[in-house]
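Engineer: Chain F is fixed; fit chain B onto it per the hints.
Chains as they are written, first to last, in the numbering used here: chain F, 2 to 264; chain B, 35 to 377.
Read the hints as simulated data drawn from the structure, not as lab findings. Beta carbons: idealized from backbone N, C-alpha and C, even for Gly. Just to be clear, a hint being listed does not mean it is correct.
Said to hold, decoys possible - Okay, the calculated bits of chain B under chain F, using three or more residues with CB under 8 Å as the criterion:
| # | region |
| --- | --- |
| 1 | 233-239 |
| 2 | 345-354 |
What the hints assert, rightly or not - Below, in silico cross-link-like pairs of lysine to any residue (SDA-like), each with a Cα-Cα straight-line distance of 25 Å or less:
| # | chain 1 | residue 1 | chain 2 | residue 2 |
| --- | --- | --- | --- | --- |
| 3 | F | K229 | B | N86 |
| 4 | B | K217 | B | F42 |
| 5 | F | K148 | B | S295 |
| 6 | F | K261 | B | F42 |
| 7 | F | K50 | F | K229 |
| 8 | B | K231 | F | K261 |
| 9 | F | K148 | B | K231 |
As a plain string of letters, each chain reads:
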Amino acid sequence: MRIVVLVKQVPSTDKVKMDEKTGTMVRSAMEAELNPLDLYAVEEAVRIKEKTEGTEITVMSMGPPSATYAIREAIAMGCDKGVLLSDSAFAGADTWATASTLSSGVKKLGEFDLLLSGERATDGETGQVGPSVAAQLDMPALTYVSKIREIGDGKIVVERAIEGGHEVVESSLPALLSVVKEINEPRMPNLTGKIRARKTEVIVMTAKEIGLDPSRTGLTGSPTRVVKIFYPSISRNGMIVDGKDPEKTVEQLLQFLNDKSFT
Amino acid sequence: MKINEGTFQGVWTLGEQREGDISSVSYELLAWGRELADKRGTTLASVILGHNIEEKAENLIHHGADIVYVVDHPGLEHFTPDVHSAILEKLVREVMPEIFIASATTYGRTVMPVLAARIETGLTADCTLLDIEQDTGLLIQTRPAIGGNVMATIKTPEHRPQMSTVRPRSKKPLPSDESRKGKIVLKEYPDEQYVSKVKFIEFIKEETTALPIQEADIIVSGGKGLKDAKSFNLIYELADLLNSSVGASRQAVDMGWIPYSHQVGLSGKTVSPRLYIAIGISGAVQHLAGMSPSDVVVAINNDPDAGIFRVCDFGIVGDIFEILPVFIEKLRERKATSSKGGS
Numbered sequence: 002m003r004i005v006v007l008v009k010q011v012p013s014t015d016k017v018k019m020d021e022k023t024g025t026m027v028r029s030a031m032e033a034e035l036n037p038l039d040l041y042a043v044e045e046a047v048r049i050k051e052k053t054e055g056t057e058i059t060v061m062s063m064g065p066p067s068a069t070y071a072i073r074e075a076i077a078m079g080c081d082k083g084v085l086l087s088d089s090a091f092a093g094a095d096t097w098a099t100a101s102t103l104s105s106g107v108k109k110l111g112e113f114d115l116l117l118s119g120e121r122a123t124d125g126e127t128g129q130v131g132p133s134v135a136a137q138l139d140m141p142a143l144t145y146v147s148k149i150r151e152i153g154d155g156k157i158v159v160e161r162a163i164e165g166g167h168e169v170v171e172s173s174l175p176a177l178l179s180v181v182k183e184i185n186e187p188r189m190p191n192l193t194g195k196i197r198a199r200k201t202e203v204i205v206m207t208a209k210e211i212g213l214d215p216s217r218t219g220l221t222g223s224p225t226r227v228v229k230i231f232y233p234s235i236s237r238n239g240m241i242v243d244g245k246d247p248e249k250t251v252e253q254l255l256q257f258l259n260d261k262s263f264t
Numbered sequence: 035m036k037i038n039e040g041t042f043q044g045v046w047t048l049g050e051q052r053e054g055d056i057s058s059v060s061y062e063l064l065a066w067g068r069e070l071a072d073k074r075g076t077t078l079a080s081v082i083l084g085h086n087i088e089e090k091a092e093n094l095i096h097h098g099a100d101i102v103y104v105v106d107h108p109g110l111e112h113f114t115p116d117v118h119s120a121i122l123e124k125l126v127r128e129v130m131p132e133i134f135i136a137s138a139t140t141y142g143r144t145v146m147p148v149l150a151a152r153i154e155t156g157l158t159a160d161c162t163l164l165d166i167e168q169d170t171g172l173l174i175q176t177r178p179a180i181g182g183n184v185m186a187t188i189k190t191p192e193h194r195p196q197m198s199t200v201r202p203r204s205k206k207p208l209p210s211d212e213s214r215k216g217k218i219v220l221k222e223y224p225d226e227q228y229v230s231k232v233k234f235i236e237f238i239k240e241e242t243t244a245l246p247i248q249e250a251d252i253i254v255s256g257g258k259g260l261k262d263a264k265s266f267n268l269i270y271e272l273a274d275l276l277n278s279s280v281g282a283s284r285q286a287v288d289m290g291w292i293p294y295s296h297q298v299g300l301s302g303k304t305v306s307p308r309l310y311i312a313i314g315i316s317g318a319v320q321h322l323a324g325m326s327p328s329d330v331v332v333a334i335n336n337d338p339d340a341g342i343f344r345v346c347d348f349g350i351v352g353d354i355f356e357i358l359p360v361f362i363e364k365l366r367e368r369k370a371t372s373s374k375g376g377s
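Chain F with its partners taken away, still in its complex shape (with noise of 0.2 Å):
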């Protein structure tokens, strides 16, 4: 089975700068890690590897250079190859682009089973591209996956966590799979992992390398703009007090749930 898992490199703090001029993300000079949430498909991944003989697992992500520590941090973990896709000409790219560049990506490497992604990613958290990239691949999205029931013979039946509850469902292979946390408890990895992922080459590739039309991505190839970023100005012009003295400040607290009628 050959599986393809698609991670981001998010900030690791919540500082992070922004572009004023282009409204998005400056990407260079900040810490950086592995999408949180990326971690359960990527552990996803290597749960099948380990039932299922002969399985490769490539990670994919679309970045920076420096983004190849994300992509070697999932080979610890127990991937087998890492592709980063990285060119200047994918800079600024809405999901839409995004989508396009990593489905690009995806076709250069030929035949596979299975895509798996993570719910969203915890800076932009859209939770738009795995789904996106489905489509442009022509394949079915199931999305909000909590666990995999059986996979094989060219076939996948998978539980979708949604409001309410569970809904179960079979599908034919190729499918994408963006999972939730549910899904799993992704692994630590190892020493021998990690001196795997050190020794492993991680390909970059470029635009023209992935055969990828430079109008259908970054900035030029979103449909969408960013045109003001702000901090927001919601206030209520509450009552504030000081709560030096608990005693006498839980007695105001309770009058005002008391003229509320909330009491």
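Structural biologist: Frame of chain F, contents of chain B only:
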């Protein structure tokens, strides 16, 4: 689709159904859509895909739609991402709406990105504000960005339709008006269009007696300020006394103090209780985005500069470990007195 491929007009909302019943998010979306359509001076249409729903379409008109496009077929009874998005694609290409919004439910969050990818247009997730720009008529989409610490305003200048999702329960539905008149358009496609690669097997209903926090009347929510799982029990104690549900910030969930289903915020649930009590929660934009529809907000935090104080009606700047025990004790006393008096 590019803007110059034709004349795009009208605002669309994506209706949702479960087992032939129209979900309430469909009506919430119409409240969003009505504002936009009126500002743009255009019609509001709702699209609904399902089986045995034709007769219920009228409800969408009562809640604000001018037109309802209904695709009713046994093949649409359950959600199949490939078929649902393919049918929507046909409809969009045929009718060419200018704006298309959906709810950020698991359905909307799946079908909308697939649709946007297929018709090559932009999609903005989880908008907290939608508006029409006066001079250009463009859809102005505002959402929290970069981990939810700032807001971003996003436009889709050259592609149509302009597509967005909004959080469920982020707006109250308009009251139903049974005298409202509108047009119901039934759309039919050849049977082979409904053949999916995905087959529904079963639905396992969650067996929980606890009220989901989205429906709670009062929520007591705890954050990073609680410091550890043991102290987080104070939140449960307080919630118990107030007969309320328990919520949490992302940090509290990430620390493993409480399950994800309690998370309030952009990456969790949007809640709209009558009373929201935030304890030890600093109030990152991503959290505020999930609780700002609350009627009354109380905040307790030791940092006077915490963002939560900007959105509260009553705030206490102080040590939660000093204030909470007193609060709990006094509520307990009151309860004891009132039950004595009542018996």
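Engineer: Are the hints correct? Go through all of them and say.
Structural biologist: Structure-based check of each hint:
no., hint, result
1, 233-239, "holds (count 7)"
2, 345-354, "holds (count 9)"
3, F:K229 - B:N86, "violated (44 Å)"
4, B:K217 - B:F42, "holds (19 Å)"
5, F:K148 - B:S295, "holds (17 Å)"
6, F:K261 - B:F42, "violated (48 Å)"
7, F:K50 - F:K229, "violated (45 Å)"
8, B:K231 - F:K261, "violated (54 Å)"
9, F:K148 - B:K231, "holds (19 Å)"
Of the numbered hints given earlier, the model fails hints 3, 6, 7 and 8; all others are met.
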